[in-house]
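Fit chains L and A to the supplied structure of chain E, relying on the hints for placement.
Chains E, L and A, in that order, are what the protein sequence lines are.
Start counting the first sequence at 1; every next residue gets the next number (my numbering).
Start counting the second sequence at 1001; every next residue gets the next number (my numbering).
Start counting the third sequence at 2001; every next residue gets the next number (my numbering).
None of the hints are false.
Residues of chain L clear of chain A, computed beta-carbon distances all greater than 10 Å:
id	residue
1	R1002
2	P1081
3	P1095
4	V1198
So the derived label-pair ranges between C-beta atoms look like this:
id	chain 1	residue 1	chain 2	residue 2	range
5	L	L1045	E	L53	45 to 55 Å
6	E	E51	A	S2226	26 to 36 Å
7	A	V2175	L	T1048	30 to 40 Å
8	L	M1275	E	S56	48 to 58 Å
9	E	P168	L	M1275	26 to 36 Å
10	A	I2179	E	M60	17 to 27 Å
11	L	V1049	A	R2188	25 to 35 Å
12	E	M60	L	S1131	24 to 34 Å
13	L	G1040	A	T2082	33 to 43 Å
14	A	S2184	E	L263	51 to 61 Å
15	E	S56	A	S2184	35 to 45 Å
16	A	P2048	L	V1049	23 to 33 Å
It is worth saying that the hints were derived from the structure and are not from the lab.
A virtual CB, placed ideally from N, CA and C, is assigned to each residue, including glycine.
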Amino acid sequence: MAYSQQTARGDYAVQRVAFGCIWVAAIVTIAVLVLIIGVILGRGLPSVSWEFLVGSPQDMGRAGGIFSTIVGTVVVGVLALLIAAPLGVGTAIYLTEYTVESRLTRAVRFGTESLAGVPSIIFGLFGFIFFVTYLGLGWSVLAGSLTLALMVLPTIIRVAEESIRTVPRGYRDVSYSLGATRWQMVTTAVLPSALPGIVTGIILAFGRAVSETAVVIFTAGTALNLPTSLLAPTRTMAVHFYILAVEGISLPNAYATGAVLILTILLINVGANALLHRLTRQRTRR
Amino acid sequence: MRERVIRWVLLLMALGVLVTLGLIAFFIFQSGAGLIVRVGLGDFLGGTVWAPTADPPQFGILPMIIGSIWLTAGALVIGVPLGIAVAVFQVELAPAWLSAILRPTIQLLAGIPSVIYGFIGLTLLAPLVRSTLGGPGLSILTGAIVLGVMILPSVIAVSEDALRAVPASIRDGAYALGATHWQMISGVLLPTARSGIVAGVILGMGRALGETMAVIMMVGNALTLPLSPLESATTLTSNIALELAYASGAHREALFATGVVLFCMIMLLNAVATMLVRQRAFSRRTTS
Amino acid sequence: MSPFVELLAEHYQAEHPGVAIDVQGLGSSAGIRAALDGVSELGMSSRPLTAEEADQLTQMVMARDALAIIVHPTNPVTGLTTEQVRALFAGSITSWAELGGPARPVVLVSREAGSGTHSAFEELVMQGTQITSSALRQGSNGAIRQIVADNPDAIGYISLGVVDDTVRPVAIDGVTPTIAEVQSGSYRIMRPFLIVWHRDHELSPPATAFLEYIHSPAGQAELIRSGLVPGEAAP
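In isolation and in its complexed conformation, chain E is listed as follows (with noise of 0.2 Å):
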């Protein structure tokens, strides 16, 4: 046989082998969320009722429900999403459409990539003793969402200026020729076209705070009562699962808790990218 076939032939079979591997790698990424998924729900779902959802925790959560870690999971994130969103929109729109490229915007940019790297446990040790201790808040629901809306806002700045730099450059001078300050030019034109961008955003941002227990557990706690004040301290679902799982207090209150961490997730992923799909659509057919 030629040799030019040989070698060929030879080819075609490390190809193969090697496109093999890589096909296995993609099947063993989905198997290993469908297990994970698989685990938690199919032995979750089951606890998980009505009362499971408006019970308080009784007995240190060997019994009753999860209320108070609901209550204490909306609150905490919507407060960081609350401070957060603001800040990180307003960043963005300061870099991209008040400035030019500088030392200023770079040295900016440094900065969110750099807080955008900080492991979870520093900020959680910087909330604890700037916070909870140097501030006085104690462990609270503000220093938690303080913490955490600085745990977010990279990503909220990231996102946002992503999504004002896809507006057309059109949209701006066409406000600009109808005498628009630069302001309005900004509300009026480019902040609607940006908004599905920016809110997808937020809403991931949101899933990032709730997913969150190592800033969470050093700065608002885990008490399990029903926080009354900004300033009580409380327990979201995550530290709740934490807890749960590692003391062995409960393993079915355990994996239910779970389930409705991984649904609670699950529902903001696809309905952060179904409003994505909604909004961008509004806006292409307009």
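What follows is chains L and A alone, placed relative to chain E:
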């Protein structure tokens, strides 16, 4: 006039990021640096005994540093080949329908809380490791496997970007020289995208180093200098989270000091990754 | 000890607004000193008093913190001496075969430094010997119990009040850890939580009321719920 005010407000918001970073660095350093100075940097980083409540207390974090390195290395061994393979799959091999399934899959994997990963490791993987391979089960191996899966989304995202950025001309050139699809990928595509992929790896490294909750649940937290992946170990992150609740005085300072070390390590890694990404963008702009 | 007193103080102050109880946890020696000098009306101590201290102070046992050494229910070892437990946790005994069990490696589970349970174990069992660095560490009694319940080779220590039927406590020096044996004093891996005050000091009404609360069924129930063994009756 209003415009001027708005501009200032937005500027202040933008500076907020830098202020936050500065505050974090300041407070963490202020709370921990004193102890590092008192103990001595060499004794702190190189000391093999961590006995903060003994009399006299000893603050050596070498076991934690080695544990973190072991765990991160293991996570990379698992996550990087898998991640690059999936990235190649997405860019070169995936039929559209499978790519459409894989994309949200990866996004979801990124969104799963770390405590759930830790729980799966604790209840499913650790007993499996213990019964098939021995050891306590709660070990570096268990942690590395789960952590490898946790860093997949980061590695895949950056590698995919890097692969897609390779110009068609380079691919076509390979084909023109008679390369098979795989030869084009292995001989031309991957090497060209190398710096981007390395950036993704370093990003994954940073994530693995910084992971806390999942690690605490899975690696057993023994204070040894581990000699095998079947042994239990402690990482810098898990030690901080484990002992912070009851620590006081010098013990607490030592935990903050551990935070200082961790902060420096990760900031360094991220700076390197950012530089690599920028370098790649710069060289692309100048060559193509 | 102070977390437990803080817990009681919190409950007491909730029911008796207007009474302020300030709890400072600075260590047993500091607590005894404060009571001797009159700096504080009541002092807390989690170690027994020395002879001279006992001369000048009145003491009251608030509760007892007993440690149970637990193993997996299938572990054939049912009794150990204190020296054997010390050797196990120091790393000198590494196989269950050395204690009459199967030829399996011993998996030690310990608490983290700084925890009260850890310091009690060091004080009462290790007595100066270092716990080996290969011991696993977990952050709570419940976590240790869960690991021992899942691993036939594991051994750990937890508060007696946290023991349930997923694990088996071993007898120490021939004494099984039960509340009765702890209160009678025969189970020795325990430390008393003492409230002390100066012998010549007349307790103020709020102090007396608080001490009564500590010994009331409600107060003791709180402590039992936290994993402690009940103290003696009120003086």
